[in-house]
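> Listed here are the chains, written in short residue letters.
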Amino acid sequence: MRIFFATDVHGSETCWRKFLNSGKHYKADVVILGGDMTGKALVPIISEGGDTWHSTLLENRETLVGEEQVTEFEQAVKRRGYYPFRTDPDELAELSRDESRWHALFDEHMLRTVREWMELADERLAGTGIRCFVCPGNDDQLEVDDVILEAKNVELGEGRVVELGNYQLLSSGWANRTPWDTYREEDEPQLAERINKMVELITTPPELTIFSLHCPPYGTGLDDAPELTADMDLKDAGHAVHPVGSTAVREAIERFGPALSLHGHIHEARGTKRLGKTLCINPGSSYEQGQLLGAVIDIEDGKQVKKFVLTSG
Amino acid sequence: MTVTAGSGAFQERDVFVRKATGLVRGWSVRDAFVYATFAINLVTLGWFIFASAPFIPNGGLLWAVVVSGAFLIFQAIVYASLISVMPRAGGDYVWMSRVLGGGIGFVLAVAGWWFILWYWVPIYANILNIEVLGPLSAIVGWHSGVTFWAGNAGIFVASVITAVLASLFIALGIRTYGKIQKFCFYGGLFGLAVMAIILLVTSHTGFINDFNSQAHKLYGTTGNAYGATVKAGTAKAGYVPTSVGHFNFSGVLLLIPMLMFFNLWSNWGATLYGEVRGASDFRKNIYAMGGALIATTIVAGIFFLLFAKTFGWNFYMGGNNAFYLGTGPTGVFPYPATLAAMIFGSPVLQFILITVMSLWFFGWVGSVFLSSTRVVFAASFDRILPERVASVSKSGVPYWALALMLLPSIPLAALYAWSHSFRSYTLDATLVIAITFLGTTVAAAILPWRKPEIYNASPIAKYKILGIPLITAAALMFATILIWALIKWFSDGAYGVNNTDSFYLMGGMYVLAIGIYVISQIVRKRQGIDLKMVYGEIPAE
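So the sequences go chain by chain: X and F. Residues in the first sequence are numbered from 1 upward in steps of one, following my numbering. Residues in the second sequence are numbered from 1 upward in steps of one, following my numbering.
Worth flagging that the hints you see were computed from the coordinates, not collected in a lab. Glycine included, each C-beta is placed from N, C-alpha and C at the ideal position. Accuracy of the hints is not assured; some may be wrong.
Claimed, not checked - If you want the ones that stay clear, here's a sample from chain F, every Cβ over 10 Å from chain X, calculated:
1. Ser28
2. Gly103
3. Ser144
4. Ala153
5. Gly178
6. Leu189
7. Ala193
8. Asn224
9. His246
10. Ala288
11. Leu404
12. Ile454
13. Asn456
14. Pro459
15. Ile529
Unchecked claim - Derived coverage of chain F by chain X (criterion: at least 3 residues anywhere in the stretch with Cβ under 8 Å from a Cβ of chain X; other residues may be distant):
16. 50 to 59
17. 372 to 383
Sequences and hints are given; from them, build the entire structure.
Listed below in structure tokens is the structure:
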């Protein structure tokens with residue numbers, strides 16, 4: 001069985017479309033998106049009156065004239081993983097003053113986009129025979145799960161143990177604490193308890209089990225993130241890295257010893273690591289560039305996983 | 001931007017960002033500047049290679065440093081652009097492999113970032129000897145030590161020290177090494193400042209007296225050692241040094257390939273950055289790398305003027321020439337910090353100055369292996385090298401990658417130590433890396449057409465010069481200086497690498513790289529792993 005695994009597309013429409021095509025491209029039987037599928041930012045496109053607009057993307061201010069330019073700009077924003085919305089100076093001023101209003105607007109755009117993505121997935125994956133799993137990550141709000149559950153050709157991973165041929169796949173997008181206080185994070189003891197409860201549901205032996213846990217195991221290099229100062233600046237210009245993964249995840253892998261353990265969360269820490277017989281993979285993420293970093297893994301009836309490549313599609 | 005809307009003025013928001021992992025405020029240009037400044041290390045690389053300037057008699061060292069420094073700003077733009085387009089790519093290997101193809105990327109990257117750095121170990125060791133161990137031995141009165149460090153065994157022992165130190169720093173982790181580097185940087189700056197002040201307040205005549213007295217004390221010379229040094233390096237050698245401010249266009253151009261040994265590395269630490277969010281990050285990268293280049297060039301220029309004022313330019317250049325001819329009265333490398341230390345009568349102060357200046361070496365020594373281990377890891381993740389070579393110990397030590405650097409470097413260090421013809425190929429070390437940089441530069445130049453989606457989605461897509469993407473224009477300029485240097489290295493004997501043995505040395509590296517790549521393709525195919533998947537792009541539509 002061939003698995004394609006990618007993670008952390010963070011709202012990038014290009015990456016999502018590539019993910020949907022990845023099954024055919026890599027001849028995979030199963031495609032898994034490991035978490036953090038929703039975007040991080042709303043980008044206002046502000047009317048200047050008439051058919052002139054302006055907006056700023058990646059700190060570059062653009063003046064847009066006519067519907068064609070605005071639509072093109074909106075696509076560029078979506079490709080980057082952000083949500084564009086059209087507004088005028090008055091509305092923008094109100095939004096800026098009222099945090100709850102722009103949060104509501106963000107949720108509206110984010111959930112609408114996830115819904116559109118699920119519709120696209122249903123259309124693209126129909127009749128292909130490719131199983132598609134999506135497990136939201138710590139950056140994805142809990143409401144996202146309900147939208148995924150409505151999809152016909154996408155299966156929700158969160159909190160479940162599912163059959164994959166002779167294998168079982170355990171998935172969770174929850175992570176240990178981050179400096180950003182995100183939606184699915186908790187202290188290590190609670191995370192350990194969550195994983196342990198799921199492990200109890202597994203009926204296959206370790207060599208026929210796959211973990212898909214968004215957070216990488218602690219101290220494996222798959223969790224090396226740039227260290228931050230108290231002001232949330234990158235320390236030493238990003239050169240100083242330190243492990244930020246989960247001890248609970250590591251302990252679960254070492255104790256249970258699944259054949260394969262798939263992770264994401266730390267975009268910079270692309271790599272592989274063996275913990276005992278378990279092959280742990282974090283393919284990393286370059287969603288801002290529209291590159292879908294991933295891993296193609298061939299698993300065979302309980303044999304140690306040796307056939308795999310990290311991809312940059 | 002402040003605009004007026006509704007009831008009053010407000011700060012127009014460009015973006016509404018929710019809570020999400022990885023959103024950081026930014027990074028300090030100063031920190032990146034420190035790393036880049038360490039890479040183009042004036043004290044270790046600069047003062048070492050400046051001593052070879054008499055090989056280009058009409059060169060005009062000061063202006064060559066200025067012109068090459070200004071031209072290499074284009075290098076900073078090229079690399080800042082690549083970081084902006086593919087920030088987490090991991091450097092030259094990934095940029096080239098994604099744009100030019102896996103084979104080209106692998107061969108050029110491993111030759112330039114891995115194999116050639118074995119050869120840099122004895123070069124580092126040589127610098128350690130002539131700038132640290134030799135002078136300190138002389139100051140403490142260990143005269144046989146001076147002879148030892150200058151001899152074959154001394155270079156070999158220093159190579160082992162260098163390789164072990166570099167391995168130790170990497171084993172300690174990049175976080176700890178970063179702290180060591182920062183301490184060494186600020187300590188080293190203090191040393192430079194002290195040295196500048198000493199040179200500023202000491203008269204030329206005063207220096208001559210101090211030199212004659214200390215050369216006798218430290219190195220056993222007799223009589224007018226200063227005059228003898230000048231004579232040995234100039235009149236007796238048939239060499240007439242130009243003045244410090246001498247400008248000769250062709251001479252400047254000829255010196256540039258030599259100076260690249262010192263100032264081609266502002267991009268050395270530029271491959272690891274977090275989430276690049278916009279045009280300001282691109283500019284920050286340019287400020288850090290270009291700023292380091294400009295600052296180092298200015299400091300180099302100031303010291304040239306100070307050398308000319310206090311040492312005398314004829315003495316500085318003649319001393320360098322005499323050292324390489326083996327005719328200097330002291331018999332040791334005229335390391336400017338040692339010359340400045342001679343102004344102190346006190347051995348304690350001399351010892352302290354050389355020790356503080358040695359921080360420029362100790363903060364820099366880890367760089368000989370650090371980037372190589374990353375290339376080894378990247379190639380392993382791409383399954384070209386075995387999975388095992390990316391293994392790290394429980395404490396995070398990349399022991400296989402380190403072994404791949406450390407073990408070959410030791411026998412090569414022995415060759416360097418005991419074979420003088422092998423030693424003369426020092427500039428191959430720059431040449432092979434320059435070829436790698438040229439590969440990356442070609443990748444940068446064609447990036448907007450080879451990877452239009454990625455390029456157009458980057459914050460630099462809007463920067464154009466006469467309709468040409470900035471990254472392409474800068475790459476063409478950087479390629480020009482690289483090609484010039486390569487032509488000179490291959491065709492002019494003055495650089496020491498235009499000979500058959502040197503070509504074998506370099507060719508061997510590329511053959512080894514090609515061999516590894518071909519074998520990996522065969523092995524992976526037999527294992528049923530299709531390496532084409534590594535680089536192939538998935539259609540988005």
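> To test your reading of the hints: which numbers does this structure violate?
The structure breaks hints 1, 5, 10, 12, 13, 14, 15, 16; every other hint is satisfied.
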